[in-house]
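J.: Spelled out from the first residue to the last, the chains are:
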Amino acid sequence: MQPMASPSAPRATPPAERPAGDRELVHRARRGDPAAREALARRCRRAAYLLAVQLLRDPDAAQDLAQDAVLSFFASLGRFRAGRPIEPWLFAIVRNRARDLARRRRARPTESLERPEDEPPRRVIDAAPGPEADTARRELQALLWRALGTLPEPQREILVLRDYQDLSYEEIARVLDVPLGTVMSRLHRARRAARTAVERERGLAATIARLGLGAALGEAAPGAD
Amino acid sequence: MSERLQTPAPAPCGRRFPEELLSGYLDRALTQGERQRVRVHLEDCAACRDLLGELAALRETAMTTEFLIPADDQWDERPRGGLSRVLRGGGWLVVIGWLAAISGFAAWQIATAPESLFEKLLIFGGASGGALLFLSVLVDRLRALPGDRYRRVEK
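Protein sequences appear in the order of chains A and B. Under our numbering, the first residue of the first sequence is numbered 82, with each subsequent residue one higher. Under our numbering, the first residue of the second sequence is numbered 17, with each subsequent residue one higher.
Please keep in mind that the hints were generated in silico from the structure rather than gathered at the bench. Note that this is a predicted model, so its numbers are computed, not measured. Where a beta carbon is used, it is the ideal one built from N, C-alpha and C, also for glycine. Wrong hints could be hidden among the right ones.
[Unchecked claim] Some chain A residues well away from chain B (every beta-carbon gap over 10 Å; in silico):
| no. | residue |
| --- | --- |
| 1 | Arg123 |
| 2 | Tyr130 |
| 3 | Asn177 |
| 4 | Arg187 |
| 5 | Arg276 |
[As the list claims (entries may be wrong)] Listed below are several chain A residues computed to face chain B (Cβ distance under 10 Å; list not exhaustive):
| no. | residue |
| --- | --- |
| 6 | His108 |
| 7 | Arg126 |
| 8 | Arg127 |
| 9 | Pro140 |
| 10 | Arg218 |
| 11 | Leu224 |
| 12 | Ala228 |
| 13 | Gly230 |
| 14 | Leu240 |
| 15 | His269 |
When you get a sec, could you build the whole thing from the sequences and use the hints?
T.: Shown next as structure tokens:
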């Protein structure tokens, strides 16, 4: 199954555009309003999927995990304080399940035969004018995505939560269950590691291109769609 | 915020400056005093300015990456509502009670029937064999239930 293939699939909602009215939605869902439950499920599974795919880098596994996480979220809806944002609660579930899955995969490495995605399953915001800038942006996005896959799990988690999901330090502390004071230092270490990994990936990609191995190695060249 | 100040990472410039403040500066997560300290440091530290620029570029790169999400029709399950779960649980209780009553009544009828013992054993054997088969399937399903991720899903 390749769930990412549909070009008509909706885009992720940028964090700055998170829909308002979550409190009302949660209230109505708790009262059993089917429309509210459906809307809440739709909202949660998109957010859960996005984080899961960023952590797992495997769209199929991410969809399963997101579905599972949303069911857990609904099962614990009674304990959820309606005034609080949904993301930290939901993301903590996703993160814990992603960790469980990674642990199971390490214990049974043959469980998944698919290799992680070399390219982020994404479209690119057309923020930079001109095709050259757009190409450079795509290349950097691909490099960062591959670099992310080389980071240790804790560093990948905090980097995804801050730089991909745009969570605040307080929200990150809640999701990771760490003191607020450790978020900045841990995040900075992760960013330094990502920067080093991007440089390494850039060097590797340049070497591959120089040696003409890109075609032999399939779609590993950066920026390839 | 005390931890980060107690164990500062070495800055790229080699000066005594807690480097993680650069991330806090980038994320607008510093106090006014910390911001001022970073600004003063950046004014005459090209290495930290470069590092900050690179970290900002990586953050912007991550922020502008958009991911495709499976379309709504690829998520055909929705969480079962509370009322639905209560009704289903109640339904199971009624069915189990009904089965127990029917089984007890049937057993009593067989026991008190005027037929011979051989005939009673034939009827009882067939009925209890069917019941045991049904129970084995039921037990297997109940054992598999905790691992069934779709048990709280309605299609």
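J.: Now tell me if each hint is right for this structure.
T.: Okay, the hints, checked on the actual structure:
1. Arg123: Violated, since 7 Å does not exceed 10 Å.
2. Tyr130: Its Cβ does come within 10 Å of chain B, the nearest being 6 Å, so this is violated.
3. Asn177: Consistent with the label, Asn177(A) stays out of reach of chain B, its closest Cβ about 15 Å off (over 10 Å).
4. Arg187: 20 Å, holds
5. Arg276: 6 Å, violated
6. His108: Nearest chain B Cβ about 14 Å off; hint violated.
7. Arg126: 6 Å, holds
8. Arg127: 5 Å, holds
9. Pro140: 8 Å, holds
10. Arg218: 7 Å, holds
11. Leu224: Given a least distance of 8 Å, the restraint on Leu224(A) holds.
12. Ala228: It holds, given that the least Cβ distance between Ala228(A) and chain B is near 9 Å, below 10 Å.
13. Gly230: Interface hint status for Gly230(A): violated (14 Å vs cutoff 10 Å).
14. Leu240: 8 Å, holds
15. His269: Hint on His269(A): holds, closest Cβ of chain B at ~4 Å, below 10 Å.
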